[in-house]
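Top line first, the protein sequences correspond to chains Y and H. Under my numbering, the first sequence has 177 at position 177, and the numbering climbs by one with no breaks. Under my numbering, the second sequence has 182 at position 182, and the numbering climbs by one with no breaks.
One or more of the hints may lead you astray.
Claimed, not checked - Pairwise CB distance ranges, derived in the manner of DEER restraints:
1. Y:Glu128 - H:Ser28: 57 to 63 angstroms
2. Y:Pro26 - H:Asp199: 48 to 54 angstroms
3. Y:Leu64 - H:Asp199: 41 to 47 angstroms
4. Y:Ala282 - H:Lys78: 51 to 57 angstroms
5. Y:Glu128 - H:Glu304: 38 to 44 angstroms
To be verified - According to the in silico footprint, chain Y covers these stretches of chain H (three or more CB under 8 angstroms from chain Y):
6. 52-61
7. 188-201
8. 233-246
9. 249-257
10. 260-266
11. 269-282
Everything labelled a hint here was simulated from the structure, so no lab data went into it. No residue lacks a Cβ here, since even glycine has one placed at the ideal position from N, Cα and C.
These are the residues of each chain, in order.
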Amino acid sequence: MSALLEVADLRKSFAGGRSLFGGARPMVRAVDGISFDLARGETLGLVGETGSGKSTLGRLVLRLIEPSAGQVRFEGQDVTRASRTAMRALRPRMQMVFQDPYGSLDPRMTAGEIVAEPMTAHGMARAEAMRRANDLMEQVGLRRAMATRYPHEFSGGQRQRIGIARAIALDPALVVLDEPVSALDVSVQAQILNLLAEIQARSSVAYLFIAHDLAVVRHVSDRVAVMYLGRIVEIAPRDALYGAPRHPYTVSLLSAVPRPDPAREKSRIRSRPIGEIGSAAALPSGCRFHPRCPRARLVAARGGETLPAAGTHLPRACVEQDPVPAPVGAAAHLAACHFPDET
Amino acid sequence: MSAAFALRGLTAAVPGDKGPVRLVEDVSLEVDAGETLAVVGESGSGKTVTFTSALGLLPRPGRVIAGEAMLDGVDLLKLPAEDLRCMRGARIGMVFQDPLTGLNPVFRIGDQIAEVLRAHQPVSRRAARDRAVELLRRVQIPDPARRIDDYPHQFSGGMRQRVLIAMAIALGPRVLIADEPTTALDVTVQAQVLDLLGDLRRADGMAMVLITHDLGVVARQADRVAVMYAGRVVETGTVEQVFRAPRHPYTVALFRSMPDLDAPAGSMLAPIAGSPPDPARRPAGCAFAPRCLVADDLMACRSETPRLRGAPHAAACHRLDEREPTA
């Protein structure tokens, strides 16, 4: 069976333009050669820090922005080269839920109108769309009577439910969720995560779940991809990624998350990346993680050929060669590291 | 021994249509020198308002209507505005969530730190600058003598937060209040900033108040914890006590609703139904009762506000004894 979504060597550069004082800014390679598949009914979690390109990737997949290169295939169709008419036919099948439950709903429309809008836009009669909207309100845990209220009358969690109702109105095969719970309080976050799980169990919708919270991503995902400066540096089934991470960046991320366990927290030894995420406008040579990589420093200290880099000496491969994602351990586990077997 | 900083019965309110709306009510907290107290709660729980009120920083028309905030035997709430301003900065340092808003974009980093020093101490420009370099070194900014002449936009988010920490500790405060200091930062940078705060607290013996919504940060960083809900402290104890055996139904529910990296994969979350009440429309009795799994309509849950009981591991719940017959 072919995948629902196939992404091949997708790239997006933003022109740097000119700065205020006239100097040319370098190109920003926000998404820099990304490939992955997503099956029907599957959830792929996409984690990364600010500037990793994860939100850009989500928008590229839905062609809300145009890629610079590469291909996105959805249900066998080439999305990247689809005509306007073809895109219009595809739109109902692929939807998006945004982070901000405040900014993403039109304040002048009632909740019912917001949920009904995609249906009327795709030719459903208004009365029928409003009736369906009321059903959907119920499906996402809101009362039908709430359909006549305006967004400001809802709490953050309720607004996110409206956003979800709107996204599933046309029975999509794929929903891209961009930080859907990060603006919500913990106690409300769990309600939304459970709702998303129920919807998936019922409809076999696939999710591309973009988030920076590693515990949330682990909770919802079948597979997880870790992004760093425009690349997927590791992708694996959930338990493999969390249980036996192979890329040093993944190791550092997992080690940095504070766990709600005081005894463990206070005795834990952390693998800590050096400094902060670099800039996609000035990518390092070779492996883009090398300036921060604790593993490269360990490998260099053990001997072998090194080059001066990042104020120290690092293995030649790390400084010179851009690693490609390669199978480590099980076939579905890929990591883009020259030394995936080191720990 | 008396606490470095103590709040007693702090109540703050804003005017509402039907009389004052209490944002925080009867909050009593203490933090000792060299200790970190974490104050946790969701948005609207009053965790930030508690400390802005105590420091005279609550925006108008909000005001403190009862309680005291004791620092070195002095009630901050009784001080004239000018004296309180001196106290802040000198004796109490503050670090807030957003590292952009705390810095002025048009002044050099070094000048902004020197400004803090010169506002409180009679030091020369030269000496203030030297102190600023030293402070940047203490918060681990690489190459501080050169970076001191940079502007805020030349610093990353994590580095800006370090600069704000440098400003907060510039005058050697006894108490450092950090409100979500790492929430705007990425997780790897968050770990670095938390380590820095912990190191500074230990080195200087400061009392630290860490306001956060992140229970992981609490476990990592704090000695004691106070859980706030709907403007009140509902549970307080050592971090070990509260995490091992939470006593308030809200704290219990909070732990169950949170995805945990160490829990078996695929387990269901148990969300808390509903959402926290609006301060103007808090229910009678226990504010958590409408969302509570153990609230009993026959009991005082719906009519009386529960008091904190059972110190040193205290909880404000009417059903405390019943649920824990041995406690």
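Each hint, compared with the structure:
Our hint of 57 to 63 angstroms for Glu128 (chain Y) and Ser28 (chain H) holds, since their Cβ atoms are close to 58 angstroms apart. As the Cβ distance of Pro26 (chain Y) to Asp199 (chain H) is approximately 36 angstroms, the hint placing it in 48 to 54 angstroms is violated. For Leu64 (chain Y) and Asp199 (chain H), the Cβ-Cβ distance of about 44 angstroms falls inside the hinted range of 41 to 47 angstroms, so the restraint holds. In this structure, Ala282 (chain Y) and Lys78 (chain H) meet the distance hint of 51 to 57 angstroms, their C-beta atoms being roughly 54 angstroms apart.
A C-beta distance of roughly 51 angstroms is found between Glu128 (chain Y) and Glu304 (chain H), which places it outside the suggested range of 38 to 44 angstroms. Against chain Y, the region 52-61 of chain H contributes 0 residues with a C-beta closer than 8 angstroms to a partner C-beta. That does not satisfy the three-residue criterion, and the hint is violated. Judged by the Cβ-Cβ criterion of 8 angstroms, the region 188-201 of chain H is covered by chain Y as claimed, because 6 of its residues qualify and three suffice. Given a C-beta distance limit of less than 8 angstroms, the hint that chain Y covers the region 233-246 of chain H holds, as 3 residues qualify and 3 suffice.
Coverage of the region 249-257 of chain H by chain Y holds [criterion: at least 3 residues with CB-CB distance below 8 angstroms; count 4]. With 4 residues having a beta carbon nearer than 8 angstroms to a beta carbon of chain Y, the region 260-266 of chain H meets the requirement of three or more and the stated coverage holds. Check result for the region 269-282 of chain H against chain Y: holds, 7 residues qualifying (beta carbon to beta carbon below 8 angstroms, three or more required).
In terms of the numbered hints stated before, the structure departs from hints 2, 5, 6, listed from lowest to highest.
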